[in-house]
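A.B. asks: Respectively, the protein sequence lines represent chains X and B.
In this text, residue positions in the first sequence follow our numbering: the first is 1, and each later residue adds one.
In this text, residue positions in the second sequence follow our numbering: the first is 1, and each later residue adds one.
Check before you lean on any hint, since a few could be wrong.
[Claimed, not checked] Once the Cα atoms are required to be at most 27 Å apart in a straight line, the calculated BS3-like pairs of lysine-lysine come out as:
| no. | chain 1 | residue 1 | chain 2 | residue 2 |
| --- | --- | --- | --- | --- |
| 1 | X | Lys39 | B | Lys306 |
| 2 | X | Lys39 | X | Lys121 |
| 3 | X | Lys306 | B | Lys306 |
| 4 | X | Lys121 | B | Lys306 |
[What the hints assert, rightly or not] Over the 12 Å line for every Cβ pair with chain B, so calculated as not near, a few chain X residues:
| no. | residue |
| --- | --- |
| 5 | Asn3 |
| 6 | Leu78 |
| 7 | Leu81 |
| 8 | Gln83 |
| 9 | Met141 |
| 10 | Gln154 |
| 11 | Glu181 |
| 12 | Ser213 |
| 13 | Thr326 |
| 14 | Glu345 |
| 15 | Lys362 |
| 16 | Ala373 |
Think of the hints as simulated: they come from the structure by calculation, not from any bench.
It should be emphasised that the depicted structure is a prediction, and the values quoted were computed from it without experimental measurement.
We treat Cβ as the ideally placed atom computed from N, Cα and C, and that holds for glycine.
Number of protein chains: 2
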Amino acid sequence: MYNPVRLHFGRDVIKGLGKAVSEFGNKVLLVYGGGSIMKNGIYDQVINQLNAAGMTVWKYGGIRPNPVIEDVDTATALGRLNQVDVIVAVGGGSVIDSAKVISITIPYHGTGWDFYAGRHKPVSAVPLIAVLTLAATGTEMNPFAVVQNRATMQKLGLRNDLMYPRHSFLDPSYTFSVSREYTAYGIADLMAHCLEAYFDDGDASLSDRFVFSILQEAIDYGPPLLDHLSDYDLRARIMVAATAALNRIMTMNGRKNAGDWGVHAIGHVLSLLYDLPHGASLSIAFPAWLKLQAERIPDRIAFLGKHVFGVTTPAETITSLESFFTAIGCPVRLSQAGIGEDKKEEILRVMILNQVGGNYHKLSVGDYSRIIALCS
Amino acid sequence: MYNPVRLHFGRDVIKGLGKAVSEFGNKVLLVYGGGSIMKNGIYDQVINQLNAAGMTVWKYGGIRPNPVIEDVDTATALGRLNQVDVIVAVGGGSVIDSAKVISITIPYHGTGWDFYAGRHKPVSAVPLIAVLTLAATGTEMNPFAVVQNRATMQKLGLRNDLMYPRHSFLDPSYTFSVSREYTAYGIADLMAHCLEAYFDDGDASLSDRFVFSILQEAIDYGPPLLDHLSDYDLRARIMVAATAALNRIMTMNGRKNAGDWGVHAIGHVLSLLYDLPHGASLSIAFPAWLKLQAERIPDRIAFLGKHVFGVTTPAETITSLESFFTAIGCPVRLSQAGIGEDKKEEILRVMILNQVGGNYHKLSVGDYSRIIALCS
């Protein structure tokens, strides 16, 4: 386990941004997404901090949700041209993941996709600072980045310790303006991270307890948050839970792979094809995957149900999870996300192309078909 | 939150020591304690690694349990004289804590106690690598070091980010030869760390759940371990629990102080005066402290009891904890540690001298007397 991120958590932590940026130089590449940070004032606060610290700032806005490698490469060119000292990424998972890839691509000569295609290994990185505006992916405290390449129809994850943000600023009030819908997707996302961690090769008792702890936080505080989107305390609890769900504290025990990640692979296919929000792709894929696994690992699924939902059978566990997702407004069937029966073949084809599967629970092409049927 | 330690966990992780040491140079100060690592073969394995990596090694053995500043200063002189590039500490909390202070004192001109007395702040450190042989204090993954100064009758803690080990090697089989008695003290120690974290200023729900998780691990796997001291799986579970209990994962939520630490202050007085093992001092002090607090924070104590022991009242919670400590062979009264009634005044005097108290729960001199009475 290794996690060197300096996490700044709490109200007004943004006031420490200027000092943090100054550690690395005075030329900043500022990366962000759509216009939401303009509307809620976060952009102005970030710019004020950077100006007060005497930074020269180049801006790359417009990183798309379900981030694409083209955005990464364009922002990289801007950063390379101006020899920036540090990258500040303001946004959610898409923005920060893109910025991570930008950070390793600037010192390299090619496209960011070369790292995903295995044609090149990162050797250095421009330091990255994250300002988080969405509690969901955990990217603020991990070395992972997922981007998609629509030309090759792939959405892949990369892990490299160089991609850890040096600092991450987490102010729960920065997530007040996230819609009810996207807040729910964030909750589904953090729960899916716990579940991926849980389905490894056995019984890591402390990791299991941490998984249950974070899931219980999501179940206890997620629904009330959806009715009180500007409640600082509830936003803070979900924000901490999302960070904890994927910062590798569950892998202290020396396991090789931290979790299965097969469901994420399925979800990535759905996002790639239909631009589904990441959390929504997972709330559809996880119940279906669990139904497939119910005959294979019934005890493990039942153990989860017992500790998280107070139920006893695998079937009850899956129903409880599905009901929870439904209650918070996340889809659990393809049709609920507007994906019709006619898309089954297309999904299957892209699953095969992406060699969808997990670290521990491999999936056959027959499994793909069953999963697609189970979420139809 | 910030924790940059690279944790290597599992059987034979020692094989990575040579590579880790080589990152920092080729002159090593090797710090260890009594002769136990000679008997169980760990010393030879470490030396083989260092030799194979072409290191020149200066050795400082004989760090005492309840470490003293004199050992720190002598080892520092050896390291300074030979301008070592890196320190390798092989042992438990005493050895690694001492090595942390050595690491910040070598680049300074004075005594290590200057940092504790507030006369100087650390500005740099010789890189430190830890090889853990005792699951207890969590020092392998935190920036804390406790040493005592018998000349001033003080035992104090220091926190500085420079004191994080760069690498920590945790092989559960390295703890096989720890006696039943010291294994139990280690369990009491890790439980005390959870409890200190729990008694802060309120309700950090995820931190609470993590506390309960680690306590449950200790309760479930501690007693069987005492009957199977060479069981790798049980050693591994307790080792992970001890590391997790004090690596600041419970303080991601932006709290200023991570826990109360008043009971540790009491325990330090007992260790200082009577050379009590750290864990034993805590198994005596915690029940007494809880009895004092039972009228002040009954709900918080009962909440703990409910989640960890399945009981409902503060009194039942304290009894459950006391019974557990007793069952694993830890003392819960001064008399059980051979400290007689005649020592009460001496203890009180040194508590006053050390200004014993916690971050959240301040203690008056009247409280000191009550605590002493409660553990007599």
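A.B. asks: Can you give the numbers of the hints that this structure goes against, from lowest to highest?
C.D. replies: Numbers 1, 2, 4, 5, 9, 12, in rising order.
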